[in-house]
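**Q** Using my numbering, read the sequence shown as starting at 3 and increasing by one per residue.
Hint data in this document are derived by calculation from the structure and do not stem from the laboratory.
None of these values were measured; they are calculated from a predicted model.
Treat the hints with care, since some could be wrong.
Stated by the list, open to error - Between beta-carbon pairs, the in silico distance windows are: (1) VAL145 x LYS213: 32 to 38 Å; (2) ALA138 x VAL332: 41 to 47 Å; (3) VAL332 x SER10: 54 to 60 Å; (4) ARG76 x LEU241: 40 to 46 Å; (5) VAL145 x ALA59: 24 to 30 Å; (6) ALA189 x PHE135: 17 to 23 Å; (7) ASP6 x ILE188: 51 to 57 Å; (8) LEU241 x LEU141: 17 to 23 Å.
Built from N, CA and C at the ideal position, the CB exists for glycine as well.
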Amino acid sequence: SVKDGAVSAHTADAVLRHGPGVLGLVAALALLVGLRTGAQGGPLALEAADVVHVMLAPVDRRSALARPAAQRLRSALFSGAIAGAVVGQLAARRLPGSILAWAAGGALFGASVALCWMAAALLAHTLRLRRAFATATGLAVVVWQGAAVAWHVPGIGNVPGSLGLWGWRQHPTDLVVPALGVAGCIAGFALLGRISLDALSRRSALVAQLKFAVTMQDLRTVILLRRQLNQERARQRPLLRLTPDTRPTGTLGRSTWRRGWHGLLRFPVSRIVRMVTLSAAIGVLQAAVMRGTTPAFVGTALLGFMLGLEVMEPLSQEVDQADRADALPVERGQLMAWHLAAPAAAL
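Build the full structure now, drawing on both the sequences and the hints.
**A** Pasting the structure below:
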C-alpha cells in the first residue's frame, strides 16, 4: 500500500486554493478532446454490418443509434468514475478527509468529466462543427484555464475542478457541472438523427481494425490507426528546410541523421502540441513525486512511454518499410541504432 505521509497545513491550504484550477484543466482538456472527437466523426463506432444494413434500413436513425450511444455513454461514465475513484483514494492518504469520501468525490468528478466529453462529442458531431472551429474553441478553453492556473485568475474550469475536492469539502453549487453534462447528453441524444453516415462508416471501419491490432498486440498499427482516426497527416512542407548535403559520399550515421530530421520536421502542429503537453504533464508528475506523492511515478512512466511512441517516427518508418534497407549492404542493427539519434535530440 502507499504510505506517503500527510501534507503540512501550508501545503493543504495551497491545494485547497489552487486545486480547483488544476483539476479544471483536466475538464478543459476533456472538452477539447470531445469537441475534436465529434468533429472527426465520433464518438460512436458501430460494426460495419450495422452501418450498411441497419442505418440504411427504413428505420428512424435516432432510434437505431440510441442503444449504441447509451452503451458508449455507460462505458465512458464507468471508466471516468473508476479512474477518479483510484486517484481520490490516493489523495486521501495525504489530504484531510476519509478514503471513502475521497473515492466517492473522485468518482463523481471522473463521471462528470466523462459526461462533458460525451456531450461535447455528440453535439460537435450532430451540429456538424468544422474541425478547425472545434479545435479553436477547445484550445481557447484550455488556454483560459491554463492562465487561471498560472496567474490565479478565475477560470472556466474552476467549478468542475472544485467538484474534484468533494472528498474534503462540499459546495452544492458544484453540482451544476454534472447537471450541464446531463443536459448536453440529452440534447446530443435528441439530435442523433443528424449523425453523418459517411463519418460513421469511416470511423467504424478504423475502430474495427484498431481492435484487431490491439488483440494482436501490434502497437505500431494501433498508433497509425489512431492517427487516421484523428485525421492527422504529415505536413506537405517541413517546418524548416535542411540545406542539401552536397558531399559526394556520406556515412551511415550522417544519412540516417538527416533522414530522421526530414521526418521530424514534417510533424503536424497537432502532434507537436500533443508532445509538448505530454512533456509538461511528465514534469508536473515528477514534481509531485519529488514532493512525496510516490504513485505519480506510474503516470510519469505511462506518459513517457506515450511521448516516446510519438517521437519515434523515423525508426517506425524504417520498421514499416524494412525491405528497402534489406536490399542494401547495411547492418540492420546498426541502422536501427542510428535511427535513435534524431528522436533523442528532439526529445
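**Q** Going through the numbered hints above, which ones does this structure break? Give me the numbers in ascending order.
**A** Violated: hints 5 and 7.
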